[in-house]
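Colleague: Residue-level listing of the chains:
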Amino acid sequence: MTLFNLLDILGIISFAISGSLVAMRKKFDPFGVYIIAFATSVGGGTLRDVLIGAQPVFWMKNTSVIFFITGSYVFAIFFRKFLKYLSKSLFLFDTIGLGLYTIMGTEIGLKANFHPIIIVSIATMTASFGGVIRDLLCNEVPVIFRKEIYAMASVFGSLAFLILHFFNFNESVLYISTSLIVITIRLVAVKFHLSIPTFYIKKK
Amino acid sequence: MTLFNLLDILGIISFAISGSLVAMRKKFDPFGVYIIAFATSVGGGTLRDVLIGAQPVFWMKNTSVIFFITGSYVFAIFFRKFLKYLSKSLFLFDTIGLGLYTIMGTEIGLKANFHPIIIVSIATMTASFGGVIRDLLCNEVPVIFRKEIYAMASVFGSLAFLILHFFNFNESVLYISTSLIVITIRLVAVKFHLSIPTFYIKKK
Amino acid sequence: MTLFNLLDILGIISFAISGSLVAMRKKFDPFGVYIIAFATSVGGGTLRDVLIGAQPVFWMKNTSVIFFITGSYVFAIFFRKFLKYLSKSLFLFDTIGLGLYTIMGTEIGLKANFHPIIIVSIATMTASFGGVIRDLLCNEVPVIFRKEIYAMASVFGSLAFLILHFFNFNESVLYISTSLIVITIRLVAVKFHLSIPTFYIKKK
Numbered sequence: 001m002t003l004f005n006l007l008d009i010l011g012i013i014s015f016a017i018s019g020s021l022v023a024m025r026k027k028f029d030p031f032g033v034y035i036i037a038f039a040t041s042v043g044g045g046t047l048r049d050v051l052i053g054a055q056p057v058f059w060m061k062n063t064s065v066i067f068f069i070t071g072s073y074v075f076a077i078f079f080r081k082f083l084k085y086l087s088k089s090l091f092l093f094d095t096i097g098l099g100l101y102t103i104m105g106t107e108i109g110l111k112a113n114f115h116p117i118i119i120v121s122i123a124t125m126t127a128s129f130g131g132v133i134r135d136l137l138c139n140e141v142p143v144i145f146r147k148e149i150y151a152m153a154s155v156f157g158s159l160a161f162l163i164l165h166f167f168n169f170n171e172s173v174l175y176i177s178t179s180l181i182v183i184t185i186r187l188v189a190v191k192f193h194l195s196i197p198t199f200y201i202k203k204k
Numbered sequence: 001m002t003l004f005n006l007l008d009i010l011g012i013i014s015f016a017i018s019g020s021l022v023a024m025r026k027k028f029d030p031f032g033v034y035i036i037a038f039a040t041s042v043g044g045g046t047l048r049d050v051l052i053g054a055q056p057v058f059w060m061k062n063t064s065v066i067f068f069i070t071g072s073y074v075f076a077i078f079f080r081k082f083l084k085y086l087s088k089s090l091f092l093f094d095t096i097g098l099g100l101y102t103i104m105g106t107e108i109g110l111k112a113n114f115h116p117i118i119i120v121s122i123a124t125m126t127a128s129f130g131g132v133i134r135d136l137l138c139n140e141v142p143v144i145f146r147k148e149i150y151a152m153a154s155v156f157g158s159l160a161f162l163i164l165h166f167f168n169f170n171e172s173v174l175y176i177s178t179s180l181i182v183i184t185i186r187l188v189a190v191k192f193h194l195s196i197p198t199f200y201i202k203k204k
Numbered sequence: 001m002t003l004f005n006l007l008d009i010l011g012i013i014s015f016a017i018s019g020s021l022v023a024m025r026k027k028f029d030p031f032g033v034y035i036i037a038f039a040t041s042v043g044g045g046t047l048r049d050v051l052i053g054a055q056p057v058f059w060m061k062n063t064s065v066i067f068f069i070t071g072s073y074v075f076a077i078f079f080r081k082f083l084k085y086l087s088k089s090l091f092l093f094d095t096i097g098l099g100l101y102t103i104m105g106t107e108i109g110l111k112a113n114f115h116p117i118i119i120v121s122i123a124t125m126t127a128s129f130g131g132v133i134r135d136l137l138c139n140e141v142p143v144i145f146r147k148e149i150y151a152m153a154s155v156f157g158s159l160a161f162l163i164l165h166f167f168n169f170n171e172s173v174l175y176i177s178t179s180l181i182v183i184t185i186r187l188v189a190v191k192f193h194l195s196i197p198t199f200y201i202k203k204k
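Read top to bottom, the protein sequences are chains D, B and H. Numbering-wise (the numbering used here), the first sequence opens with residue 1 and increments by one. Numbering-wise (the numbering used here), the second sequence opens with residue 1 and increments by one. Numbering-wise (the numbering used here), the third sequence opens with residue 1 and increments by one.
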């Protein structure tokens, strides 16, 4: 198993747990919780595969993804009362997932020879659209459109990856730098309640 | 016309009528009602085709689907007052659609040689995601995430299909058994108000 | 640059501005506003490309689309107070976008040799589903399912295009007629508050 596979699995688990917890808070039944765990975990990558035309989508070709999601889901159900007091660990899970998926999305975009802007879009989509799909399925305004710096961490992480890749740094450097950038931006943003200044239009 | 075609058409009609009625209850205009009828009827199969990469999606290659949906839609508009008192028949329509689409999804997954877990996922998606898309377009929490046993009927129907198929039973046996299983599970669940036990997290 | 390219760009700009304004009214942060601008502008065409199987989707192959959206987005943020008093110009932008995307969708459907009914569906989807995706991401019932004649203008515009094309009229005639039909239907509908008569079911 390569480093990449390990990161991939950690990303899947992180998002599946965070999705399960959101759905249990919404009082969905176990089937609904499973769908939300699944959608949060693979939603971004599925959208990416569909938009670039890489079908069947990745989790149809690699069933281990389904086993990891199912395991995380069962774990989240059993330890839900315990996890409830662990809002910090959950935040950490989600942040790790964000970093790992940013790396994966950037790699896939690079391999397919897209324009750098498209690669960053693909990476950001892979990393943050699982959460958007989760929120849509829960009938809520996607949280990343309103609060704090989330997807922007992914944008900067992916940019850093592309720049370091351009200068031929090796895989480990790319992976560690990108993860560190995404996780640092996210931690700093939440710690200091940073958010992007909002420009809005008042309703009459 | 084969048995399979006939079942297919019945599924399309069932879901198109049930979609039209939901949209009329939401006071959508006739265009909106049509889109909801369409999305309910072909939404699951469209998502399936997009995820497995079988494009153009099925209803673009077979325009008779559009004629059946349009006919069902016109029928539902004309007989809306009558159908209102027929909640039992509507439930039946929806249940028949669920069974038929489960069969179709399983067949398509088998032909494409997917892993059994993926086949069951594809079948369940084909059968129940038209309703999810309908609910999302109506801005409601998808009903199948919260109430009663619905998609689970589809999961068991598809599993039964795969097991019987493995033992080389013929098409009619497969179709009839799967339909019976899906419809029975659904009828029993609704009759006795069965639902999956829910594990949820209280909000503070 | 051909007439078609110019129209295309005007359509992208129109929808990106209208999307930005809706998102700013919902108090989304700048990242959220950008995603809504993007989704409104390319959502319909992206859905079209995914359903017909023309991936990578159009804006991944032509990055100029991204520059035009980004420019329109920045413009909309800077001039938001000014644009607020321009509800008429905004309506006009949206209507122009509707006409132009109807033309583009019809052309793409024709080139792919689809059945006329499918071509009209593809054109209507290209033209009006950006707005549906915008409304879903904003957690609102899609406005085109409830109010006034919107998508129907696109249906008639696309039909006119197909009929004139059948009689071998040249491109300019096709473009101008379709635009005029879509824009006229939309203007007349809004001016005289025309809407399609609604058939609905009362809740008990």
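The hints are simulated quantities; they were obtained by calculation from the structure and are not laboratory data. Any given hint could be a false lead.
Residues from chain D that keep clear of chain B, each with C-beta distances beyond 12 Å, as calculated [claimed, not checked]:
| no. | residue |
| --- | --- |
| 1 | Leu6 |
| 2 | Ile9 |
| 3 | Leu21 |
| 4 | Met60 |
| 5 | Phe67 |
| 6 | Ile77 |
| 7 | Ile108 |
| 8 | Pro116 |
| 9 | Ile117 |
| 10 | Leu159 |
| 11 | His165 |
| 12 | Tyr175 |
| 13 | Leu187 |
| 14 | Leu194 |
| 15 | Phe199 |
Here are the computed lysine-lysine pairs in the DSS-like style, where the Cα-Cα straight-line distance is at most 27 Å [stated by the list, open to error]:
| no. | chain 1 | residue 1 | chain 2 | residue 2 |
| --- | --- | --- | --- | --- |
| 16 | D | Lys191 | H | Lys88 |
| 17 | D | Lys202 | H | Lys27 |
| 18 | B | Lys27 | H | Lys26 |
| 19 | D | Lys191 | H | Lys27 |
| 20 | H | Lys88 | H | Lys26 |
Now the stretches of chain H that chain D is said to cover, found in silico as 3 or more residues with beta-carbon under 8 Å [stated by the list, open to error]:
| no. | region |
| --- | --- |
| 21 | 27-39 |
| 22 | 48-58 |
None of the values given here were measured: they were computed from a predicted structure. Positions of the beta carbon are idealized from the N, C-alpha and C atoms, including for glycine.
Colleague: Each hint: holds or not?
Modeller: How the hints compare with the structure:
The claim that Leu6 of chain D lies off the interface holds: its Cβ sits roughly 22 Å from the closest Cβ of chain B, which is beyond the 12 Å cut-off. Consistency note on Ile9 of chain D: stated as away from chain B, and its beta-carbon is indeed over 12 Å from all of that chain's, at 17 Å minimum. The beta carbon of Leu21 of chain D sits about 7 Å from the closest Cβ of chain B, which is not more than 12 Å, so the claim that it is off the interface is violated. Its closest Cβ contact with chain B, about 5 Å, brings Met60 of chain D to no more than 12 Å, contrary to its assignment away from the interface.
Listed as a non-interface residue, Phe67 of chain D fails to keep its Cβ farther than 12 Å from every Cβ of chain B; the least gap is roughly 9 Å. For Ile77 of chain D, the condition that its CB be more than 12 Å from all CB atoms of chain B is violated, with the nearest at approximately 5 Å. Distance check for Ile108 of chain D against chain B: the nearest CB is about 16 Å away, which clears 12 Å, and the non-interface claim stands. With a closest Cβ-Cβ approach of about 26 Å to chain B, Pro116 of chain D is found to remain outside the 12 Å limit, as its non-interface label requires.
With a closest Cβ-Cβ approach of about 25 Å to chain B, Ile117 of chain D is found to remain outside the 12 Å limit, as its non-interface label requires. Distance to chain B confirms Leu159 of chain D as a non-interface residue, since its nearest Cβ pair spans about 30 Å, more than 12 Å. Residue-level check passed: His165 of chain D sits 29 Å from the nearest beta carbon of chain B, beyond 12 Å. Tyr175 of chain D, annotated as away from the interface, keeps every beta carbon of chain B farther than 12 Å; the closest lies near 28 Å.
In this structure Leu187 of chain D is separated from chain B by more than 12 Å, as the shortest Cβ-Cβ distance comes to about 24 Å. The beta carbon of Leu194 of chain D sits about 25 Å from the closest Cβ of chain B, which is more than 12 Å, so the claim that it is off the interface holds. With a closest Cβ-Cβ approach of about 26 Å to chain B, Phe199 of chain D is found to remain outside the 12 Å limit, as its non-interface label requires. Annotation: proposed proximity of Lys191 of chain D to Lys88 of chain H is violated, straight-line Cα distance about 44 Å (limit 27 Å).
Under the criterion of a C-alpha separation no larger than 27 Å, the hint pairing Lys202 of chain D with Lys27 of chain H is consistent with the structure, at around 9 Å. Between Lys27 of chain B and Lys26 of chain H the CA atoms are separated by roughly 24 Å; this keeps the pair inside 27 Å, and the hint holds. Taken as a hint, the Lys191 of chain D and Lys27 of chain H pair is honoured in the structure, with Cα atoms around 23 Å apart against an allowance of 27 Å. Our distance criterion of 27 Å between C-alpha atoms is met by Lys88 of chain H and Lys26 of chain H, whose separation comes to about 20 Å.
With 9 residues carrying a beta carbon less than 8 Å from a beta carbon of chain D, the region 27-39 of chain H meets the three-residue requirement, and the given coverage holds. Three residues within the 8 Å Cβ limit are the bar, and the region 48-58 of chain H against chain D gives 5, so the coverage statement holds.
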